[in-house]
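Number of protein chains: 4
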Amino acid sequence: MRVAVIGASGYTGLELIRILSRHPQFEISVATSEQRAGQAVGAAFPSLGGILDLDFEANDPERVAQRVDFAFTALPHGASAPAVASLRKAGVPVADLSADFRIRDVGTYEASYGSHGAPEWLDSAVYGLPELYRESLAATDLAAVAGCYPTSVLLPLVPLLRAGMLEPGHLMVDSKSGVSGAGRKLEADYLFAELEGDCRAYQVGGVHRHVPEMEQEAGAAAGAAACITFVPHLLPTTRGIATSIYARPVGGLSAARAREVLLDAYAQERFVRVLPEGQAPRLSSVKGSNYCDVAAFADERTGTLILLSTLDNLVKGAAGQAVQCANLMCGFPEDQGLLEVPIAP
Amino acid sequence: MRVAVIGASGYTGLELIRILSRHPQFEISVATSEQRAGQAVGAAFPSLGGILDLDFEANDPERVAQRVDFAFTALPHGASAPAVASLRKAGVPVADLSADFRIRDVGTYEASYGSHGAPEWLDSAVYGLPELYRESLAATDLAAVAGCYPTSVLLPLVPLLRAGMLEPGHLMVDSKSGVSGAGRKLEADYLFAELEGDCRAYQVGGVHRHVPEMEQEAGAAAGAAACITFVPHLLPTTRGIATSIYARPVGGLSAARAREVLLDAYAQERFVRVLPEGQAPRLSSVKGSNYCDVAAFADERTGTLILLSTLDNLVKGAAGQAVQCANLMCGFPEDQGLLEVPIAP
Amino acid sequence: MRVAVIGASGYTGLELIRILSRHPQFEISVATSEQRAGQAVGAAFPSLGGILDLDFEANDPERVAQRVDFAFTALPHGASAPAVASLRKAGVPVADLSADFRIRDVGTYEASYGSHGAPEWLDSAVYGLPELYRESLAATDLAAVAGCYPTSVLLPLVPLLRAGMLEPGHLMVDSKSGVSGAGRKLEADYLFAELEGDCRAYQVGGVHRHVPEMEQEAGAAAGAAACITFVPHLLPTTRGIATSIYARPVGGLSAARAREVLLDAYAQERFVRVLPEGQAPRLSSVKGSNYCDVAAFADERTGTLILLSTLDNLVKGAAGQAVQCANLMCGFPEDQGLLEVPIAP
Amino acid sequence: MRVAVIGASGYTGLELIRILSRHPQFEISVATSEQRAGQAVGAAFPSLGGILDLDFEANDPERVAQRVDFAFTALPHGASAPAVASLRKAGVPVADLSADFRIRDVGTYEASYGSHGAPEWLDSAVYGLPELYRESLAATDLAAVAGCYPTSVLLPLVPLLRAGMLEPGHLMVDSKSGVSGAGRKLEADYLFAELEGDCRAYQVGGVHRHVPEMEQEAGAAAGAAACITFVPHLLPTTRGIATSIYARPVGGLSAARAREVLLDAYAQERFVRVLPEGQAPRLSSVKGSNYCDVAAFADERTGTLILLSTLDNLVKGAAGQAVQCANLMCGFPEDQGLLEVPIAP
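Chains as they are written, first to last, in the working numbering: chain A, 103 to 447; chain B, 103 to 447; chain C, 103 to 447; chain D, 103 to 447.
Hint data in this document are derived by calculation from the structure and do not stem from the laboratory.
When chains are identical, the list treats them as one kind, so a pair holds in a single copy or across two.
Below, simulated SDA-like cross-link-like pairs (lysine to any residue); rule was C-alpha separation at most 25 Å, straight line:
| hint | residue 1 | residue 2 |
| --- | --- | --- |
| 1 | Lys287 | Ala146 |
| 2 | Lys191 | Asp243 |
| 3 | Lys287 | Gly380 |
| 4 | Lys287 | Gln381 |
| 5 | Lys191 | Met103 |
Use the sequences and the hints to build the structure in full.
Here it is as C-alpha cells:
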C-alpha cells in the first residue's frame, strides 16, 4: 500500500519515515517538505542514508492524492486542516497528526487554535487513541491521532473514570516532556546550551492547548465534565513524556483496586503495560517503542490516588500511534510495524 | 575561624569544601572521611587539586573538637546524631546537614528514620532555613540545616500559608530532583547508562522521609495541620530541584496577590528571587548558586494556585544553606562566601 | 532455531535480547545470568516487559547445549573461553562476544588478558567482522565477534591498507566511546553524577587490550606489521563510538581517492555507509542501528589522511555484529533482524 | 575601576559578567548588546537576576570610552577590530576576545578571517596567554586574548617545544569541545534534540581558523615552523575542551621527563595544574573554573608522546583568561576574581 508522509522533515515526520520504512505493508511513495523539496531524504538526514530512496517534494495535495492509497499528515496545527480536506475529497484515507480534528466542538477548537480550516470534516473524524476507539477507527477514513500529552494522561485515567472511581472535576496533572515535543524550532530556548541540565514548567495556568483535548476525552469517560489542572515541564532529554496525575478517589482509596481496573482494561492491549505493584514507570523503559507504561499508587495519609505513565512522545505520542491507527483503518494487524523493542540502556 | 567538615568526601561534603575554601572567615582545618582517610583532598578529588592542602582523616569527634571552632556535619541520617552530640558536648557549635535534628517530635523522627541517637539535643536545635528562622539561628549553637526538597517546598509555600491564603490540608507537591540528591550511592540504578535521558517517580505514596519535615514547617506557618501529597522524581541531570505545588486558595484565587505576598516576604532576602509575572523558574538559572527562584501562577479555570521553585540541591539545598546558617550563628554577614553567580549556560 | 544468550543480563546480553526477540529465525530459549537467575526477564528489566517470556537461569553449559541450536556468549574475557569450549564440544555453534578467540597468537592474548582457558579452539575461530571475513564466517562454527573499538578502526582502515595507500607503521587513533562500553560496572567512576558533561582519556599509553586485536587485523590487511597509537576517551553519553584516525599516505595524499577505495570496498555492504564528500559521521546517525558510517578527509597542509567513523558500540560493536555473524553461520540472509533504523533525533 | 563589556549578551559576554560581577576591583559600568539594548540584564538572563543592576545598551564606542577605564570586547571576528580601534584611540585599554589581534601577520589573518579592520593596532597587541606572555601583558594596553582551542593546545605543548623535546613539524591534535564554543547560534545543528548524545568531527582537513594561531605560537616556542594537524569534535555537553596531542619526541621518549618539564614550567602558575603521573585530565574537574589541567603520557611501543589537557572554554578559554590578562594590564594580582572552585559533581 503506497503512502504519503505530508510534512516529512519535522521530527514527527522523520519518525513516521523511521517506522514506515520497516512496515511490511506500507510503502512510502511520497514525502513532502517545503524546506527540503528536491533533496534526497538520506542526504538531508544522514540517519536515513540507505533507508529510503526518495526525494522530498513540495506538497501538492491533488497530485499526491493520485499517487498514494493512504496519507499521514504531520503538518502544524491550522495548516493541516485544508491539506487533509484535499486528500479526503480525493478519497485518500488520512491519519492526521495535528490537533485539527481532535476536538469535536469547533468553538472549543477555535478558542485554542484559531479559525478552523475544514470544519465540514470534523464529523467523520475519529479520535486516534486505539485503546479507546478501536472499532470506530476501523470504520473511519480520518483518524485525528491523539496528542502526546493527552495520550500519557488518558491511558492511565480513562479506565478509572469509566469505573467511576475518580472525581473528574479535581484532577491535577504534572507532565514532564522531552524537548522533541517542541519540534525543530529555531529559537534560542531550544539550543543545547540552554537546555542541558535544565528543567522548567511552561505554559503554566491552564493555557496549554492540549487541555481541551484531555478534558473532552476524560469527560466522555466519566460521563461528566472533567476539569484538569495541567502543568507541562521541559526535561533535559530529547524523547519521552512522564506524567503524574493526582486524583481524588470516589468510594474509597485503593491502589490495588485501581491497578486491577487498569489490568482489566489493558489485559489484551499490546502497547499498554500495567506495571507490577510498587513499580513506577521509567522513561528509559519505553524509548524508541510504542509502549505506554502505567501504574497506580495511593497516598493513604492524604487520600490521594496517584497515576503515573511514561511513553515516547514521538512514537506512542505521535508517529507510532498514527501507524497503529492506520493499521486499524486498513485492516492490518494493529501492531504491524510497531514491535520495536525499547532501547535501553 | 577554624572549621571541620565531618563526612567531607560525599557530594555534600565536597560542596562544603568548594564553598568554604573561598569563604573569607572560615578556614577548613579538618576534613574527615572514613573511606579516604590518609589521602590528600586534591589527590582523591582532582577538581580540588591546588584548592585545599589537607589530608582526609578518620572522624574522632573528641580530637576534632579540640582543633576547631565550628563544625559542619555531613553524615548519613542516624550516624550524625552521636557525632553532633560529641561535638556539642565539647562546646563546638554545629551546622548539621542530616535530618537528625530537623524534626522536633522524636516519635515522628523515629517513624521515618529509626531510633534517635541524641534526643537530648533536639530542644536546642533550630531548623536551618534562615529565611524563616533568622533570629533563632543567630542565637543557637546547633542548626538542623533544612533538607533539599523541604527548602524548595517551604520557601514558596510558607509566606502564603502565613497569610492564610491556602488550605494547608490539600497540598499536592510534585518535585523533580537531580541525581546528586541520592549521594554517591554505588547502586546500578545510579549508573550513567541507567539514568541518561531517564525520568521517573520514586518513593511514591507519601513514604519519602522529607514529608514530616515539610508538614512540620508548613503546619507551623499555617497554624494548623498541613497535609502534603509529595511525589519526588529523578531528573537526568546532576544538580537541582524543580518543585511544582498545586494548592487550593482561601478567599479567592489571585496570582497577583500571591506574588505580592511573596515579594513582601522576600524583599530583603538575598537568596530568594521572586520572578517577574508570568516567568517560570528554571534549573539552569540557579545552578552552582545559593539562590532559590520562586513564582506564583493561577489556573483560573480550575481554581488552583500553582507555586513553582528551583534551587541547586547541593547549595541552597545543602552546603550553601549550611554556610548561611553558620554565618548567622557566628555573627558574620549572612551572605559571606555565598555570592557565587549561577553558572549559565 | 532455538538460541541461548549466555550472560544475558549485562548491557551486551540485553542488547542481544533486544535484537533477537524480533529476529524472524532465531528464538531465544535460554537466557543465563548468575545474578538474576530465577527472575523473569521482564521483571528484572522493565524495558523488556511483554517482550520475552522467559526466566533467567544460571549457566550450565551442558544442559544449555541440549536445548539450543546456537549460542551467543556474552561473558567477560577469560570466563568465556571455557563456556565456549563446553558448548562447542557439545556441537553447538557459537558467536562469542568476548575477546577470548579474537587473537590468533596465544602469547599475545595472554600478555593482555592472562591465561587462556581453551586455546585448542583458537584455530577453528574466525574473526567476527563480516565485511572482512564473510566467507570464512559462513563456514565456521565459532565466530570471535570483533570488539567495538576495533570495528570502528578496521572498517575505515582496512580497505586503504589493503590498497597499500597508508603506512601501517604510523597510525594514530583517537576514539571516543559512550559509557555503556564499560558494561554495568558498579564503580563510582561510572555514576551519573561523575560522568554528566565529563570527557576524559583513559588507559593512555598503548595499554588498552583492544590494541593487539587492531594491529593483528590491520597488519593482515597491510601485509606488514601495523603499529597503532590508540587513546580511548569516555563521552558523556551511553551509546556510540566515534573514531578519528590520523595516517600517513603512501604515494600521494588524496581524500577523493581514499573515498573511492572505501566506496569500492563497501558498495555491496548493507551496514557500512561511506558518507558523501565533506560530510563527517555523527554518533546520532547510527544509534540503535547496525550501521557503521565512515568518511575520508585530507589535511593538505600537513599531508595527513584523516579517517572518521561512528557506530553504536552495543549494536555494530557487539550484539548486532554477533547476529550478523550468526546469520552467516546459519545460512540466513546476513541482514536478517538487523534492519532497525537509527533513532534520531 | 569602571569597565565595559562590549558584546555582553553572547555566551562569552555573559561569562564576563558572571566573573566581573564578583571581581573586587572591576565594576561593570557598561554592557552592550544590539539585540538586547534597553533590556535589564537580569530580565533578559534570569540567572543574572539580582546580580547586576544595569541595562544593556547599543554599542557606541566613543560614548562608552568616556565612561569606563577599561573595556572587554566580546564581538565576532571582524566586527571587533574597528570597535577596539575606537576604544584604543580614546585611550581605553582593551582585552579583546576575538581573533582580530591574535595573529601577527596580516596576510595570515586575512586568509582565514577576511579583510582586517584595524591592522595599525596589531603591533601594539600582545597575545593574551598570561603563562607565556606575562611581562608583555603587564606592559600593554591591548591584549588579544588567546582562543579556547589554542589555549588547550599551547599550555601542554609550549614548554616541551621550548625544551626542544618534540618535533614541531609532526603534531596531531584531536580536540573535543562543548557546544557553547559555537556561541548562541540559531542553527538547527545546535538544537538540543540534534546534539544530545551526539559526537562528531567538524571542519576536518586543517580548515579551522584556530590553526594559524596555534602554529604561530607553537612555532615561536620551537624556534622553527610548527605544523599541526587539527581536528575539532563536538561533545554532547555545554562547557569544556579536552585536547589530546600526539607528538614525536626528539632525543628519546620519556613521559617522566616530559612531566618534569611541565612541572618546572608551571610550578608557580596558579591556573595550570600538572596532574600526578598516570592521571588523565577530566572535563568535570575544571568546569566553571579558570584551571587548565595537563598531563603527559608515553606510548613506548609506538614511540609517541601523548599530551592531554582540559579546560572550561568559557573561562580559561575566554572570559577567565581575559580577566587574567586585564588583571596583569591593570597591575592587580593576576588571580583576582578568578579563584572560583570547579563545580563537581
